[in-house]
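So the chains spell out like this:
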Amino acid sequence: MQVKIQIARYHPAQGRFLQVYEVDPDKTLLENLIAIKEGVDPTLTFPLGCRSGVCGSCGVRVNGRERLACTTKVADGDLIEPLTSLEPIRDLVVRPAVESLDRAKAWMLKPQEAAVDEEAIRQIEVQTGCILCQSCYSSCPVFQEDPDFLGPFALSRAYRYLVDRREGEKREHIEAVVDHGIWSCTLCGNCTQVCPMGIDPKGDILLLQSWATRFGYSNPNLGGFGSFGLEF
Amino acid sequence: MDSDLLIVGSGVAGLTAAIRARELGCKVLVVSKEYPTQAQTTMAQGGINAALDGDIEGHVADTLKAGGGLADPVMVERICSKGPELIAWLDRIGMPFSRIQDRIAQRSLGGASSPRACYAQDYTGLKLLQTLYDRARSVGVHFLPNHYLLNLIVEEGRVLGGTLLDLERGAVRQQLAKATILATGGFARIYGNASTNRYGVVGEGLGAALRAGARVSDLEFVQFHPTALAGSAILISEAARGAGGWLVNGEGERFVDELATRDQVARAIYQQLEEGQRVYLDIRHLGEDFIDTHLPQERRLALLHAGIDPVHELLPIRPAPHYTMGGIDVARDWTTSLEGLFAIGECANPKFHGANRLGGNSLLEGLVTGWEVAYEAAQCQEASPAIEYKQTVKDRAFLQKLFDIPATIDRFQRRSFLERVLYHNAGLVREEQALKGVLATIRQHQQELSLMGLRDRSWHYNTDLLHFLEYGNMLEVAEAAVVAMEQRKESRGAHYRQDYPETRKEFQGHLLLWKEEGVLHTQFRQREW
Ligand SMILES: Cc1cc2nc3c(=O)[nH]c(=O)nc-3n(C[C@H](O)[C@H](O)[C@H](O)COP(=O)(O)OP(=O)(O)OC[C@H]3O[C@@H](n4cnc5c(N)ncnc54)[C@H](O)[C@@H]3O)c2cc1C
Ligand code: SF4
Ligand code: SF4
Ligand code: FES
Chain S
1 MQVKIQIARY HPAQGRFLQV YEVDPDKTLL ENLIAIKEGV DPTLTFPLGC RSGVCGSCGV
61 RVNGRERLAC TTKVADGDLI EPLTSLEPIR DLVVRPAVES LDRAKAWMLK PQEAAVDEEA
121 IRQIEVQTGC ILCQSCYSSC PVFQEDPDFL GPFALSRAYR YLVDRREGEK REHIEAVVDH
181 GIWSCTLCGN CTQVCPMGID PKGDILLLQS WATRFGYSNP NLGGFGSFGL EF
Chain A
233 MDSDLLIVGS GVAGLTAAIR ARELGCKVLV VSKEYPTQAQ TTMAQGGINA ALDGDIEGHV
293 ADTLKAGGGL ADPVMVERIC SKGPELIAWL DRIGMPFSRI QDRIAQRSLG GASSPRACYA
353 QDYTGLKLLQ TLYDRARSVG VHFLPNHYLL NLIVEEGRVL GGTLLDLERG AVRQQLAKAT
413 ILATGGFARI YGNASTNRYG VVGEGLGAAL RAGARVSDLE FVQFHPTALA GSAILISEAA
473 RGAGGWLVNG EGERFVDELA TRDQVARAIY QQLEEGQRVY LDIRHLGEDF IDTHLPQERR
533 LALLHAGIDP VHELLPIRPA PHYTMGGIDV ARDWTTSLEG LFAIGECANP KFHGANRLGG
593 NSLLEGLVTG WEVAYEAAQC QEASPAIEYK QTVKDRAFLQ KLFDIPATID RFQRRSFLER
653 VLYHNAGLVR EEQALKGVLA TIRQHQQELS LMGLRDRSWH YNTDLLHFLE YGNMLEVAEA
713 AVVAMEQRKE SRGAHYRQDY PETRKEFQGH LLLWKEEGVL HTQFRQREW
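In the order they appear, the protein sequences are chains S and A. In terms of this note's numbering, the first sequence opens at residue 1 and continues consecutively. In terms of this note's numbering, the second sequence opens at residue 233 and continues consecutively.
Extracted from the complex, chain A is given alone in its bound form (with noise of 0.2 Å):
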């Protein structure tokens, strides 16, 4: 299929840019690695933020104030300015927001000084990406869903698009374009069963530019949601406690500003975990017809996997890998260090959050980067000859080769000893011994790699291979973020060092990272403002 603009990932960024693009009159070609409103965007449930009152400042000042000194007053200007007019035009292509009489009903989260969440129940991003797909299939967006991006191909660093694995036949195709767009997510779920994250949220977006030669930065900046279910880590939000919501512990004591942002209300979390009271989160006095009426979804939730109906019992929490805030490298003006390459959305780091990101704020990042974004692809007008290139003639004989490897080793075991060994040692408190044992365990199992062959042999829709293909990206993109995390000596937003406690002036900047020939650099990079 012929396209100007090849766009990697159907979230919220995806469908946005894919949209725009498309009214900019490009040809878009939308390829997702499962169906395209099955992507992670539809479990958001809070909302997302826009000033409908006029206050930017208050939403700029909020932000910054959570970002701890690496959101970039620029990019957050511009994208808190957006948001009004961007839900305007979801409202208008018939985004059901939920009202107040006439207006757009908005509830307050974590940090925000006033409610500022846009939401539509708490189905809020079900309900988005829904009405993305509706507009993006109405003006003809095509869409390629079962496919899997493997590599970009790059030559003489431009990228001409990507070599995507056909999951249903099991072959590699090259899929050129006039501009790549990575719209793929975070990878919040290399953490696991622990994760709030969909299965496969492993950033191989991530793992793709960096292999490409990319630079990503800030991966150290991890957020821990305070509120997922304890056994199963299914997310609570946000707006349980916006709208009144208690944390208390065993003995029934508040211990912490339910609304403080989310590195804060974490940490108290864990800290009364760690001192061995159980937690909970309490909503009863909110009763039942507020719960039915604003938080279905948080009950039914309850119920099913706690057994617990929070309507008349307290639900036990405990804090929960839920966002990745670091991401490719974008610079204020959209592009990233490769040319012909975009990214948008949670994969991207055009420095909106920093090094906490509020509640509500990666819906709009994802709509206003996509929206954005559209704008500089559809510029890019230089086709690529239509050639059989090398990394397609790479990626096709790899995959030959991973059906010979041997499976002498259970990978499924294996990942899920790293997903704990992750949680554990480079989750919400962190310290220098830890992480290099991390990355020595990271380091092994990338060598062991090739004895985690297949075990499924089909190459019909073959999701042994699908696994075997995220479990390599995993490793690669915990790599990148370990190493980060341990280079980062101190304590900022989401980063917290046990043995650098405090935040210091001389890390006031981004970790940026990057492979030469495989081999991982990094290079500190003070901030421009």
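Next comes chain S alone, as it looks inside the complex (with noise of 0.2 Å):
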């Protein structure tokens, strides 16, 4: 049995539009963008990779959430669109904002000799596992605001190297977060929802902005209200 769903459809040329298509509801979201690309209509143009959830590429968004589309099944009347924040490129396909890593300083930034246990590793296991697939920062509501917004993914990222057990250097890790960063997350939890590997930004930033209020920092939306000028 076939159903139909609606691509929001963009080219540079002739700007955005819908498309209707009828596709196999058995079959992965991305099994029949294939389908349509190779049988029905060779313009239509979505990214992919793996086909397993792991490489990243596919996010797109299926009735407004944030989905991997290898790893998601289509139903009557879907409506798929490309991810939101970031630069259109055509169709569903969208330039990952990955520069924001190199702002948030998202890397060991002085690796150091440690041990590394099991318990160690588990602080990290989660966050370790982020594909960079976009989703968290289409689904994240401050870039309308703040373009230049750090975004959840380079966040949760910057966490993940300061409490690692190997990094000899923790409070450059914070000065990169600060500007356009942990403090205008507005802890909606929308990333936390829609990422498909299980991460926590949110919670991730809630950890960084502690971290940060140990290394002094205040958050500057609570208008100095944070300590009354006195030194704890």
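Each statement offered as a hint is correct.
Derived SDA-like pairs: lysine to any residue, alpha-carbon spacing no greater than 20 Å straight-line:
#1 S:110 x A:321
#2 S:110 x A:370
#3 S:170 x A:369
#4 A:622 x A:398
#5 A:314 x A:564
#6 S:110 x A:372
#7 S:73 x A:463
#8 S:73 x A:540
#9 A:314 x A:603
#10 S:4 x S:73
#11 S:4 x S:67
#12 S:170 x A:371
#13 S:170 x A:325
Residues from chain A that keep clear of chain S, each with C-beta distances beyond 12 Å, as calculated:
#14 290
#15 485
#16 491
#17 492
#18 570
#19 603
#20 614
#21 622
#22 632
#23 666
#24 675
#25 683
#26 704
#27 718
#28 750
#29 758
It should be emphasised that the hints constitute simulated quantities derived from the structure, not laboratory data. C-beta: ideal position from N, C-alpha, C; glycine also.
Both chains come to you apart, so use the hints to assemble them.
Right, here's the structure in full:
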């Protein structure tokens, strides 16, 4: 049995438009997109890769919610759109905002010798599963107001290096995430809800905030109310 | 963009080379046809081998044994002995290897005499690639994603860089460098949906090298992984058998040592399937807790793609094309047959795997070859004049012309036809007549390519164009591989000829292939040791 879905298309010369396609609900969305391209409409453009949810290529929105096309099945009437807040390239293809990782210095700054045990790995096990699928980025409301916001995946990754026992430099990590970073997050939790790898960027941002406080930073949104100007 | 070193490919091999070369002071550009962390490396699950217990000889012996006489003891020794040091390096830059207390945990994969595969749950490749990517950005490697290597620029036998198609603009540009490293991965996806590989893994680096006149070798050795999901060919990692999983047939009987080498296990399964049996992977006895801790991805993939929960049910499996041992021929001093060109990772053949690869050895090969070749490439100091080269002019004209050729033959249909032909006739079990038939099909498709033009006429991010280029390459690479399969009239490692089931002494060597004026040449070379 075939069902109908709508795909939000985009081409710089044609602008945006919606198109209806018939698809097979027993297949994944990605398999259906491929079937459309190979059999019906060779102009349909979408990202594809591992087909097993580990390469992060195929993030899209299904009925407004971020999903991986390769791990999602389709239902009648589904609306398939590209991720938002990212520069559109063509149809469902967008440009990943990976440069935010540079601004957040989301890497090991100063490796040091350290004993790493099971517990130490468990602390970063979930975050290190990030596939940069951009789902969280697309779901985050902050970009409407602040396009320079570092965004959930970059912050989560910064946190993962900050708490890594092998990391010998902590302060620089904090310094990198305060501007357009941890304090701009509204803690709405969208990112955590949509992450296909079970990562909790919102939780990690909260933890970064408390680290930042420990290093003497305070939330600028609280208008200096935080400490009444006293030293604790 | 000006750069000393052009690296094509962002998998484990490309990124390791990029980091090392950057740390040695080179300006490094990594080009990839998708975004860097989307490379196939991300799919590796089971682990990366290294003799952390110091038993390098054991690792060497296992690798040589699996290699069926074609793994070079010198290269095997060199790569295996570098393993522990580079695992320590990965650990230092943040690789989240799973632990047992405060040691890096290791598991057994097939053909290994002791547990040697370091892993990060069953997300080893994913976490490895993300860690390398973070490191590469921290040291200032430059990236050029969404760019497709068309051809190498060769002048007087020396490689000066490559021509790239900017997929977003549909424009051809030339990228010069003092040295060029191909890290473009294997070609097991030429078998299409039957393969475990990512979409698009059809050996374009190999194709470009062939067109440039480089020598390639051992292409007949294509490894089939014993356990892919019967329907979708999604890989179920060897880690499942390493942890004690069983292979059983429809009668519930075990029929093979689950941890024998991949070629043996795959053919045993193939036998069962030929006899009309179904074959299943059984991990139920490992228990839910164990599966969720150590094999979470296997459970998720089985549920999604087969609708089966391996905690409670048998998982139907079949062997699937998985890894290509051969590639661009690499000598013991890490050079290829072309000056200024290097090759690393799965697209290269430094004769580490020989006729059959051990699970966990290819990530290691990518890591070590990337690391070592960086030193060689960093020594290339000769810059080429920044003029427009013939190849660039030619490729620009070719692309223009592509938009004019008709699309009267359905390329997708042709491709899926060829994929099936390859799977059934140039797959796990081979034979003269069938291979000749495959070659005839490939050559017919090559001729018809000029009628398989573009149906998407846009210059802007045209994936129909990308598929055309991939298909043209696939034909070129498949042709070379099938010629090699036909010429090796014996059985060895992953290459099994029904009509020549014995291993023959006179074939103890490598089949080299190269192109002159577009024509494929072959030469057999006895092994050097
Ligand atoms: C499902 C699966 C599981 C595996 N599990 C394991 C395991 O547990 N252990 C193990 O050791 N090995 C494993 N392997 C094998 C291993 O993953 C690969 O051999 C290895 O990752 C190859 O790495 P690479 O760096 O050579 O290339 P890849 O990771 O394949 O990267 C190739 C790169 O080249 C680029 N590229 C290709 N062509 C072009 C072009 N024309 N223009 C521009 N860029 C181009 C791509 O964009 C990509 O960046 C597995 C493989 C698969 C498929
Ligand atoms: S919790 Fe913060 S980072 Fe996550 S989506 Fe909401 S605002 Fe964005
Ligand atoms: S944190 Fe999750 S949703 Fe965000 S990019 Fe990483 S994997 Fe995707
Ligand atoms: S195709 Fe790789 S995550 Fe979907």
